[in-house]
Amino acid sequence: MSIIKLIFGEIWFRKTHFALNLFAASFAVTLFVAGPTLINGYSRASSDRLTTMKEKFEEESKLYKDETRKIMLKLGFNLLILHKDTNMDDFWAEDYSAIDMPQDYVDRLANAKTLTLATHIVATLQSKIEWNDRKVLLKGFQKETPQPHKKKKKPMGHIVKPGHAYLGYRLGIGKKVGDKIQILGKEFTISQIFSEKGSKEDITIAVDLKDAQNLLNKEGKINQILALGCKCEGSLLPQVRKQLAEVLPETKITEQNSKAIARAEQRQLVDQQNEKILSETKDAHQEVEGTLRTLDAVTTPIVVIASAIWMALLALSNVRERRSEIGILRAVGLRSAKILSLFLGKATIIGLASGCIGFGLGYLIAILFGVNALEVASNYFNLSPQIFFYALIGAPLISIMASYLPALTALNQDPAIVLREE
Numbered sequence: 001m002s003i004i005k006l007i008f009g010e011i012w013f014r015k016t017h018f019a020l021n022l023f024a025a026s027f028a029v030t031l032f033v034a035g036p037t038l039i040n041g042y043s044r045a046s047s048d049r050l051t052t053m054k055e056k057f058e059e060e061s062k063l064y065k066d067e068t069r070k071i072m073l074k075l076g077f078n079l080l081i082l083h084k085d086t087n088m089d090d091f092w093a094e095d096y097s098a099i100d101m102p103q104d105y106v107d108r109l110a111n112a113k114t115l116t117l118a119t120h121i122v123a124t125l126q127s128k129i130e131w132n133d134r135k136v137l138l139k140g141f142q143k144e145t146p147q148p149h150k151k152k153k154k155p156m157g158h159i160v161k162p163g164h165a166y167l168g169y170r171l172g173i174g175k176k177v178g179d180k181i182q183i184l185g186k187e188f189t190i191s192q193i194f195s196e197k198g199s200k201e202d203i204t205i206a207v208d209l210k211d212a213q214n215l216l217n218k219e220g221k222i223n224q225i226l227a228l229g230c231k232c233e234g235s236l237l238p239q240v241r242k243q244l245a246e247v248l249p250e251t252k253i254t255e256q257n258s259k260a261i262a263r264a265e266q267r268q269l270v271d272q273q274n275e276k277i278l279s280e281t282k283d284a285h286q287e288v289e290g291t292l293r294t295l296d297a298v299t300t301p302i303v304v305i306a307s308a309i310w311m312a313l314l315a316l317s318n319v320r321e322r323r324s325e326i327g328i329l330r331a332v333g334l335r336s337a338k339i340l341s342l343f344l345g346k347a348t349i350i351g352l353a354s355g356c357i358g359f360g361l362g363y364l365i366a367i368l369f370g371v372n373a374l375e376v377a378s379n380y381f382n383l384s385p386q387i388f389f390y391a392l393i394g395a396p397l398i399s400i401m402a403s404y405l406p407a408l409t410a411l412n413q414d415p416a417i418v419l420r421e422e
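So in our numbering, the last spot in the sequence shown is 422, and the numbers never skip.
Note that these hints are calculated values from the structure, not bench results.
Just so you know, these numbers come straight off a predicted model, no measurement behind them.
Be aware that a few hints might be false.
Derived PhoX-like pairs: lysine-lysine, alpha-carbon spacing no greater than 25 Å straight-line [said to hold, decoys possible]:
id : residue 1 : residue 2
1  : Lys282    : Lys56
2  : Lys282    : Lys84
3  : Lys200    : Lys135
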C-alpha cells in the first residue's frame, strides 16, 4: 500500500484526532492572518481619512481666510507713515502730523519694488478746523495709489468725489445725503453720513485730497500716508521700517498694534483650530493602531505556541496509543522512514488545510471587526499574497515540528520490547 493511501486511511480512521489538530492549527493561522490584515486596513483607512480631512480643512481655510480678509479690511489701515521729525506725543494728541511731506512720496512708495511688506498705499492730508462753531477733523483722501509690481486688489480707503464730503455720525445729525454744506467758505455736497463709531471718526469730515489741499492752502502737500501691512505680526515692523528707510529715509513708520494683532489672530485662528483637530485625530488613530499592533504582537505568538504544544500533545497521545501497531509494522519489515512519513505526511496535510482555512477565516474576521468595531470600509482590507504564502509555509512547518519528536520517540523504541510489553 502506498504511503499516500496510508496517510488518508489514517486520517479517516482517526477523524477526531485529525479534527482537533486541524482546529488548533487553523485557530493559530486565523489570528496570524487577522492581525496584520486588520492593522494594514485600518492604517490605510486612517491615512485616507487624514488626507481627506486635510484637503477639506485647506479648502475651508481658503474660503474662511478670504472671508476673514474681507472682514479684517474693515478694520482699516494699520501702518502710518509720517515725516521723520513728527513729534509722536503731539501726533497722538492732535490726531495728525504738523509736518507736511511732498505728495510725490506716495508715488515713490508705490513704485518701489523693494517695499514688499506693505500694500494699499493712500496719501492723506489731515488737520483740525472750525466748522459750525465746533472743532472737527478734516481729512483729505487721495484714491489708493496702485503698485504696478503687485497683483491688483480692491482699493481701500475713502474715495470721495471732488466737491463732495462724508460726515461723521455726530456731524451728520439733522442732515441728510444730498444736502449742501459750507466748509471754510466753499460749498460741498454730502455724499455719505457714517454710522456711529464711538471714536473721533464721529467728528470727522472726509473730502477729496485736492479739495483738502485747496481748503488748507497746501497744494501738493500731505502729512500722512496710510498703508496695510501684508504680514500683520508685530515682529515684522522692523523689516517694514528697513524697507521704508531704503525708499523714503525722510519718513518714519508706526503701527496700530490693536488692528494688526486682531487681523493676525483672526487669520491664524482657523489654521490653529484645524491643525489641532488634525493632530488630535492623528493621535487617536495612532493610539488605536498601536493598541492593535500590541495585541497582535502579544496574542499571536502565544496562540501559535499554545497551538503547537496542543498539537504536540495530541501527537504524543496518538503515538502512545499506537505503540503496539507501530511495533507490529516494524516487526513485519516496514521501514522506520516510511512510518515516520506517515506521521509527518498527516501533519503536512493538517498544516496545509489549516493554512487555507485560517487564511480565509482571518481575512473574514478582520473585515467584520474592522467594519463593525472600527468603522473601516471593507474595501480597505486586501488579500495579501505575502501573508497567504507565510500561512501556507508556516502552518505545515509548525505542524511537522509538533509531530516530529513524538513520532521519532516511538520509532526509536525496540519493537520486540514493545510487543512483549503488550
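Structure-based check of all given hints:
Simply put, lysine 282 and lysine 56 have alpha-carbon atoms about 15 Å apart, close enough for the 25 Å limit, and the pair holds. Our distance criterion of 25 Å between C-alpha atoms is broken by lysine 282 and lysine 84, whose separation comes to about 52 Å. In summary, the hint linking lysine 200 to lysine 135 is supported, as the alpha carbons are separated by about 11 Å, within the 25 Å threshold.
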